[in-house]
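J.: Please put together the full structure from these sequences, using the hints given.
If you read the sequences in order, they're chains W and S.
According to the working numbering, the residues represented by the first sequence are 592 to 824, in order.
According to the working numbering, the residues represented by the second sequence are 2 to 207, in order.
Hints are supplied without guarantee of correctness; some may be wrong.
Unchecked claim - With a straight-line cut-off of 16 Å between C-alpha atoms, the simulated EDC-like cross-links for lysine to aspartate or glutamate are:
| # | chain 1 | residue 1 | chain 2 | residue 2 |
| --- | --- | --- | --- | --- |
| 1 | W | K768 | W | E713 |
| 2 | S | K166 | S | D27 |
| 3 | W | K714 | W | D769 |
| 4 | S | K89 | W | E780 |
| 5 | S | K89 | W | D668 |
| 6 | W | K709 | W | D643 |
| 7 | S | K89 | W | E758 |
These are calculated hints, taken from the structure and not from any lab test.
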Amino acid sequence: MTQRASFTPVVAGSASSESPATPKAPARRGGPPNPSADALRQRFGAAVRRVDVVWGETTVIVDGARLGEIAAWLHDDPAQRYDLLADVTAVEFRDSELPLEVVWHIRSLPFRRFLRLKVLLEKGRPLEVPSVWATWKSADWLERECYDMFGIRFAGHPDLRRILMWEQYKEGYPLRKDFPLRGRFSRSEQLRQALAANPEARYSMDELSIAQAFEDLPDDMRQRLSTGEKTGE
Amino acid sequence: MGLSRAEPTPQVIQSGNEPWIATRLDFLVNWGRANSLWPMPFGTACCAIEFMATAASKYDLARFGMERMSFSPRQADVLICAGRVPFKLAPVLRRIWQQMPQPKWAISMGACASSGGMFDNYAVVQGIDTIIPVDVYVPGCPPRPEGLIYGIMLLQKKVMGERMKDSSIRREMEPDPTSQLYIPPSQIDELSEPFGNSVHQTRSGL
Numbered sequence: 592m593t594q595r596a597s598f599t600p601v602v603a604g605s606a607s608s609e610s611p612a613t614p615k616a617p618a619r620r621g622g623p624p625n626p627s628a629d630a631l632r633q634r635f636g637a638a639v640r641r642v643d644v645v646w647g648e649t650t651v652i653v654d655g656a657r658l659g660e661i662a663a664w665l666h667d668d669p670a671q672r673y674d675l676l677a678d679v680t681a682v683e684f685r686d687s688e689l690p691l692e693v694v695w696h697i698r699s700l701p702f703r704r705f706l707r708l709k710v711l712l713e714k715g716r717p718l719e720v721p722s723v724w725a726t727w728k729s730a731d732w733l734e735r736e737c738y739d740m741f742g743i744r745f746a747g748h749p750d751l752r753r754i755l756m757w758e759q760y761k762e763g764y765p766l767r768k769d770f771p772l773r774g775r776f777s778r779s780e781q782l783r784q785a786l787a788a789n790p791e792a793r794y795s796m797d798e799l800s801i802a803q804a805f806e807d808l809p810d811d812m813r814q815r816l817s818t819g820e821k822t823g824e
Numbered sequence: 002m003g004l005s006r007a008e009p010t011p012q013v014i015q016s017g018n019e020p021w022i023a024t025r026l027d028f029l030v031n032w033g034r035a036n037s038l039w040p041m042p043f044g045t046a047c048c049a050i051e052f053m054a055t056a057a058s059k060y061d062l063a064r065f066g067m068e069r070m071s072f073s074p075r076q077a078d079v080l081i082c083a084g085r086v087p088f089k090l091a092p093v094l095r096r097i098w099q100q101m102p103q104p105k106w107a108i109s110m111g112a113c114a115s116s117g118g119m120f121d122n123y124a125v126v127q128g129i130d131t132i133i134p135v136d137v138y139v140p141g142c143p144p145r146p147e148g149l150i151y152g153i154m155l156l157q158k159k160v161m162g163e164r165m166k167d168s169s170i171r172r173e174m175e176p177d178p179t180s181q182l183y184i185p186p187s188q189i190d191e192l193s194e195p196f197g198n199s200v201h202q203t204r205s206g207l
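T.: This is how it looks when you write it as structure tokens:
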């Protein structure tokens with residue numbers, strides 16, 4: 592059996608002693624930051640706005656305009672190799688003066704490092720950040736969820752649609768602070784809109800593997816899909 | 002001979018060599034239906050775990066004639082909705098209900114299916130009785146298997162009380178805009194507005 596040269600398996604206990612798997616008793620604030628933070632500072636200079644260390648985890652607040660570049664470098668640089676994008680989410684604070692934060696959790700499996708990237712989005716500006724889909728393919732659904740819940744647009748995402756709420760959902764973005772807990776419409780209107788949806792018309796042609804079996808579909812479904820319909824309303 | 006509803010006990014009559022039974026047809030049909038209810042499990046949350054426990058050997062739902070979960074609604078008699086139903090699932094639940102052949106019944110298992118439960122929010126249907134007619138509501142969060150079995154026994158009791166003559170039981174109604182009873186959505190909005198206009202406020206006070 593031959594092993595691919597580029598892949599170094601991580602065996603338990605094989606990590607170098609300078610990066611223990613679980614830091615013991617980290618301070619609430621402060622402490623040594625992740626070595627990637629300094630490397631980022633050296634490489635990108637002013638694009639790195641701030642570095643925080645909270646509970647031993649490093650948060651790097653970066654300039655949104657250069658995020659794509661930073662993400663690609665973190666992924667590709669042989670001394671970083673952040674090969675896992677674990678989460679994309681956002682934080683909105685109750686204080687309406689504070690900017691919205693978009694958060695990326697990335698992990699370097701070969702070096703056993705965890706890094707949190709943040710981009711601050713000022714209120715009153717369009718909520719838009721570059722997509723990191725080109726670097727980590729797992730960003731696809733994560734960014735769609737973030738868009739669905741917060742209304743943040745990820746520029747460069749190949750298919751930015753709602754993912755949890757249905758596509759015709761008209762009430763806004765549920766996790767924003769100005770969104771009422773029970774939604775904007777009355778219960779009966781919500782139910783009417785939900786029941787008006789056709790449960791079989793959830794998918795587009797691109798999403799379905801039935802595209803090849805298109806001719807075998809029932810007539811009405813064929814008609815619907817050929818006009819580009821995605822969800823029934 | 003068992004014509005009144007009060008005494009549906011079959012009577013065994015010995016005449017000649019073969020014994021034969023005389024009873025009310027309603028009773029016979031209902032007895033058959035009540036003891037062979039095949040459930041369509043619509044499990045969406047933790048209630049479904051209790052439902053599975055009910056079906057497993059310790060509580061053994063098969064004792065009540067529910068020998069087999071019917072995963073096709075076309076072969077099911079009773080829909081057991083176990084868990085919360087989000088709005089996205091509402092048309093699916095209704096479609097499944099429409100696919101079930103008559104006679105059919107529905108059990109709403111647990112607080113979420115019956116009323117939305119603690120999920121009084123933008124995403125969850127506030128009781129599946131806004132989508133489909135429900136025969137038995139089982140309270141609990143989630144109900145214990147004993148609770149579900151009690152609900153099923155109540156449903157059996159209800160089935161035993163049905164009359165074939167009463168066609169209203171099996172009638173399926175879609176709201177008809179031309180009917181006198183039809184209330185337009187705008188008016189329902191007005192009628193169903195909770196006290197204090199709480200629909201438009203958030204819990205956090207913002």
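J.: Hint by hint, say whether it matches the structure.
T.: How the hints compare with the structure:
1. Of the supplied pair hints, the one linking K768 (chain W) and E713 (chain W) holds, its CA atoms being roughly 15 Å apart against a limit of 16 Å.
2. Restraint check for K166 (chain S) and D27 (chain S): the C-alpha separation of about 9 Å stays at or below 16 Å, so the hint holds.
3. Proposed proximity of K714 (chain W) and D769 (chain W) is supported: the alpha carbons are some 13 Å apart, at most 16 Å.
4. Distance check on the hinted pair: K89 (chain S) and E780 (chain W) sit about 14 Å apart at the alpha-carbon level, within 16 Å; holds.
5. Restraint check for K89 (chain S) and D668 (chain W): not satisfied, since their Cα atoms lie roughly 43 Å apart, outside the 16 Å limit.
6. Only pairs whose Cα atoms come within 16 Å are accepted, and K709 (chain W) paired with D643 (chain W) is accepted, the gap being roughly 11 Å.
7. Restraint check for K89 (chain S) and E758 (chain W): satisfied, since their Cα atoms lie roughly 10 Å apart, inside the 16 Å limit.
Checked against the numbered hints given earlier, the structure breaks only hint 5 and satisfies all the rest.
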